[in-house]
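K.L.:
Sequence:
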Amino acid sequence: MAGLYLGRLDQAERDFDAAERTYRAAHLARFAADVVHNRAMVRARRGDLPGALRDFRDAEEELAHLGQDIDVKIVARAEVMAMAGLHEDVVDELPAAVARLDAAGLRTDAAEGRLYLALSLMSEPGARSNP
2 MAGLYLGRLD QAERDFDAAE RTYRAAHLAR FAADVVHNRA MVRARRGDLP GALRDFRDAE
62 EELAHLGQDI DVKIVARAEV MAMAGLHEDV VDELPAAVAR LDAAGLRTDA AEGRLYLALS
122 LMSEPGARSN P
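Going by this note's numbering, the final residue of the sequence shown carries number 132, and the count climbs one at a time with no gaps.
To be clear, the hints were calculated from the coordinates, so they are not data collected in a lab. Just so you know, even glycine gets a beta-carbon here, dropped at the ideal spot from N, CA and C. Warning: the hint list may mix true and false statements.
To be verified - DMTMM-like cross-link-like pairs, simulated, lysine to aspartate or glutamate; straight-line CA separation at most 25 Å:
| no. | residue 1 | residue 2 |
| --- | --- | --- |
| 1 | K74 | D18 |
| 2 | K74 | E63 |
| 3 | K74 | E125 |
| 4 | K74 | E62 |
| 5 | K74 | D59 |
| 6 | K74 | D93 |
| 7 | K74 | D11 |
| 8 | K74 | D49 |
| 9 | K74 | D16 |
| 10 | K74 | D110 |
| 11 | K74 | E89 |
| 12 | K74 | E14 |
| 13 | K74 | D90 |
| 14 | K74 | D103 |
| 15 | K74 | E113 |
| 16 | K74 | E94 |
| 17 | K74 | E21 |
| 18 | K74 | D35 |
Claimed, not checked - Pair by pair, the computed Cβ-Cβ distance ranges are:
| no. | residue 1 | residue 2 | range |
| --- | --- | --- | --- |
| 19 | D93 | Q12 | 17 to 27 Å |
| 20 | A30 | E89 | 12 to 22 Å |
| 21 | R22 | Q69 | 28 to 38 Å |
| 22 | R55 | T23 | 35 to 45 Å |
| 23 | L116 | A26 | 18 to 28 Å |
| 24 | L67 | G4 | 38 to 48 Å |
| 25 | Y6 | F32 | 17 to 27 Å |
| 26 | A112 | Y6 | 19 to 29 Å |
| 27 | D49 | L120 | 35 to 45 Å |
| 28 | A100 | R15 | 14 to 24 Å |
| 29 | D11 | D59 | 35 to 45 Å |
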């Protein structure tokens, strides 16, 4: 993660690739899926929004299959969806995730989700939400 936060995207991608291989070899699918999610952020910062959204989808599907909560992951994906201009999709997906985050006491994550929801509503005047 340090490479990602420092803008060293090549290093971050190499680190995430190595971590995913290690976790998969150790049969730690949950951690491998988290790494795929993190690698999506590298792709997003590079401007590869389709690749980022594909990695988010793959990570979320794997985590959901493992019975893991994915609402925090949905919020991260919503940021990239908004960057890609997919505001109606953000408006469709975020309200339920935000409600579940609130119910779980994850107020900061819920607030971040509300931010992306509001930005998408402002960017897509025809979009409607019932949060």
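K.L.:
Evaluate each hint against the coordinates.
P.N.:
Comparing the hints with the structure gives:
Taking the CA atoms of K74 and D18, the gap is about 19 Å. The hint holds against a cut of 25 Å. With a C-alpha separation of about 12 Å, the suggested pairing of K74 with E63 holds against the 25 Å cut-off. Pair hint K74 plus E125 holds up; C-alpha atoms about 22 Å apart against a cutoff of 25 Å. With a C-alpha separation of about 11 Å, the suggested pair K74 and E62 falls inside the 25 Å cut-off, and the hint holds.
Distance hint between K74 and D59 is fulfilled; the C-alpha atoms sit about 11 Å from each other, no more than 25 Å. The straight-line distance between the Cα atoms of K74 and D93 is roughly 15 Å, inside the 25 Å bound, and the hint therefore holds. Note on K74 and D11: the hinted pairing holds, with a Cα-Cα distance of about 23 Å set against a maximum of 25 Å. With a CA separation close to 18 Å, the supplied pair K74 and D49 stays within the 25 Å bound.
Between K74 and D16 the CA atoms are separated by roughly 20 Å; this keeps the pair inside 25 Å, and the hint holds. With a CA separation close to 10 Å, the supplied pair K74 and D110 stays within the 25 Å bound. Among the hinted pairs, K74 with E89 is consistent with the structure: their alpha-carbon atoms are about 18 Å apart, no more than 25 Å. A distance of roughly 19 Å separates the Cα atoms of K74 and E14; the hinted pair therefore holds under the 25 Å criterion.
Simply put, K74 and D90 have alpha-carbon atoms about 15 Å apart, close enough for the 25 Å limit, and the pair holds. Of the pairs offered as hints, the one joining K74 and D103 holds, with about 15 Å between alpha carbons and a cut-off of 25 Å not exceeded. The suggested pairing of K74 with E113 holds, with an alpha-carbon distance near 12 Å, which does not exceed 25 Å. Proximity of K74 to E94 is assessed by CA-CA distance (about 12 Å); at most 25 Å being required, the pair is judged to hold.
The suggested pairing of K74 with E21 holds, with an alpha-carbon distance near 17 Å, which does not exceed 25 Å. Our distance criterion of 25 Å between C-alpha atoms is met by K74 and D35, whose separation comes to about 9 Å. At about 35 Å, the CB distance of D93 to Q12 disagrees with the hint of 17 to 27 Å. Remark: the range hint 12 to 22 Å for A30 to E89 is contradicted by a beta-carbon distance near 32 Å.
Evaluation of the 28 to 38 Å hint for R22 and Q69 yields a failure: the beta carbon distance comes to about 20 Å. At about 22 Å, the beta-carbon gap between R55 and T23 misses the expected band of 35 to 45 Å. The beta-carbon spacing between L116 and A26, approximately 38 Å, falls outside the hinted interval of 18 to 28 Å. For the pair L67 and G4, the beta carbons lie near 26 Å from each other, so the given range of 38 to 48 Å is not met.
Between Y6 and F32 the Cβ separation comes to about 19 Å, which falls inside the hinted range of 17 to 27 Å. With their beta carbons about 21 Å apart, A112 and Y6 fall inside the hinted range of 19 to 29 Å. The hinted window of 35 to 45 Å between D49 and L120 is violated, with their beta carbons roughly 21 Å apart. Between A100 and R15 the beta carbon distance is about 38 Å. The supplied range of 14 to 24 Å is therefore violated.
For D11 paired with D59, a C-beta distance near 21 Å fails the hint of 35 to 45 Å.
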